[in-house]
Each structure stands twice: as structure tokens, then as C-alpha cells.
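Use the sequences and the hints to build the structure in full.
As they're listed, the protein sequences go chains A and B. Sequential numbering from 1 applies to the first sequence in the numbering used here. Sequential numbering from 114 applies to the second sequence in the numbering used here.
None of these hints come from the bench; they were simulated from the model. Some hints here could point you the wrong way.
Calculated cross-link-like contacts (lysine-lysine; reagent style DSSO-like; alpha-carbon spacing at most 27 Å) [as the list claims (entries may be wrong)]: (1) B:K116 <-> A:K49; (2) A:K49 <-> A:K69; (3) A:K22 <-> A:K69; (4) B:K170 <-> A:K49; (5) A:K49 <-> B:K168; (6) A:K77 <-> A:K49; (7) B:K170 <-> B:K116; (8) A:K58 <-> A:K69; (9) B:K183 <-> B:K131; (10) B:K168 <-> A:K58; (11) B:K131 <-> B:K170; (12) B:K116 <-> B:K166.
Here are some, though not all, of the chain A residues that point toward chain B, as calculated from beta-carbon distances under 8 Å [as the list claims (entries may be wrong)]: (13) P31; (14) F34; (15) L101.
A quick note: this is a predicted structure, and the numbers were derived from the prediction, not measured. Glycine is no exception: its CB is placed at the ideal position from the N, C-alpha and C atoms.
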Amino acid sequence: AQSVAQPEDQVNVAEGNPLTVKCTYSVSGNPYLFWYVQYPNRGLQFLLKYITGDNLVKGSYGFEAEFNKSQTSFHLKKPSALVSDSALYFCAVRDRDFQKLVFGTGTRLLVSP
Amino acid sequence: DVKVTQSSRYLVKRTGEKVFLECVQDMDHENMFWYRQDPGLGLRLIYFSYDVKMKEKGDIPEGYSVSREKKERFSLILESASTNQTSMYLCASSLYRPHEQYFGPGTRLTVT
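Below you can see the structure in the form of C-alpha cells.
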């Protein structure tokens with residue numbers, strides 16, 4: 001079955017430093033990968049997706065993600081973190097029947113001033 | 114912008130009650146989804162629908178049912194609420210399967 005893993009429950013980073021939120025995937029076939037963000041007391045918001053093409057995908061709010069086929073990873077990155085980036089981040093992959101997304105367990109990002 | 118609305122932000126119900134959670138989207142999307150979100154478990158798909166009157170079971174359908182009588186509205190029904198159904202419920206819609214989904218703000222349901 002298609003799955004994603006987010007190995008870190010929480011990531012702490014100081015404002016202005018680069019941030020990385022990790023995601024690894026397990027799929028049969030070509031992966032369709034997504035990142036979502038959830039701010040406190042809000043629904044999820046789409047950040048970016050990888051379907052095909054350039055391994056570096058740019059998304060909303062200055063985020064980008066790097067698709068690495070050999071390492072089966074799709075890490076979310078940002079060059080300079082903001083306090084307002086503090087939120088819960090979810091990685092997701094399309095299931096093999098192309099019908100739905102399978103979400104990871106989420107990583108809480110805490111950016112300190 | 115796509116807007117997905119859910120009927121309640123917070124809901125408190127008693128064990129055994131029948132509970133209706135409503136979701137409405139305004140972008141003519143074909144596909145709609147119901148998830149529950151629990152700490153440490155992420156999002157788990159309960160049911161989804163790709164057309165009016167069509168429904169498909171997700172990963173955890175037990176104890177739930179759904180209704181989609183109109184394209185823009187997708188209802189989640191807890192036939193007899195139980196305490197283990199206390200959770201955050203998120204509705205989402207998408208134009209294509211399974212491209213990016215647009216989420217509502219969520220309903221935090223507490224069953225006592």
C-alpha cells in the first residue's frame with residue numbers, strides 16, 4: 001500500500017534559520033506527493049505538490065520541497081523560517097487506485113523568535 | 114477562492130445520539146471527503162464521494178455513514194455516537210481525484 005512517513009513529531013528552529021520537515025514515501029509506480037499545512041484551529045491548506053518534472057517544487061509562503069527518488073524522500077524546506085510558520089505540517093501521497101490521498105501523521109514545526 | 118464550510122466548529126453530544134455533520138463547498142467540485150484527525154494518527158479517511166449519490170468507504174468507515182444528495186453538500190452521520198468518536202472532523206473537496214484538496218475549518222466533536 002502507498003504510505004508516507006514523517007519521522008519527526010516536532011521540529012524546532014530559530015527564526016531566520018533554514019528549516020526542513022522530513023517525509024519519506026513508499027509507493028508502487030510513480031509517486032504523486034503533497035504537502036499541507038494546518039495553522040491552529042484551522043483546516044489544512046495546500047502548500048505544494050510533485051507529480052513529475054523538476055525535482056525541486058516551489059509552493060506557497062516561500063516553501064519548497066525536494067523530490068529524491070533514490071532516497072524516496074520529499075522533504076519540505078524553507079531558507080529562512082518565520083515565527084508565523086509555526087504550524088502542523090502533513091505530507092501525503094496519492095494511493096495506487098488514484099482515488100484518494102494517504103496522509104502522514106504530521107510534524108509540528110515550532111519557530112522561536 | 115474555494116470555500117469549504119462546515120456547519121459547526123464545536124459540538125458536544127451524548128453517547129447514543131445521532132449526529133449530523135454538514136459540509137458545503139462552493140466551487141462545483143466533483144469529489145468530497147470526510148476525515149477524522151487524531152493526535153499521533155494524522156488524518157484518516159472515513160468516506161468519500163466522487164458524484165452525487167455516490168459514496169465510497171475510506172479506511173475507517175465503521176460507525177459512520179454519509180449522504181450526498183446535492184453536489185455541493187456532503188454529510189457525515191454518526192448513527193449512534195460513542196466516546197471513541199470524539200475527534201476533529203475535517204471535510205475536503207477537490208476538482209479532480211486525487212489532486213489538491215481544499216479543506217473546511219473542521220468540527221471538533223466531543224461525545225460524553
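Violated hints, by number in ascending order, as checked against the structure: As far as the earlier hints go, 10, 13 are violated by this structure, in ascending order.
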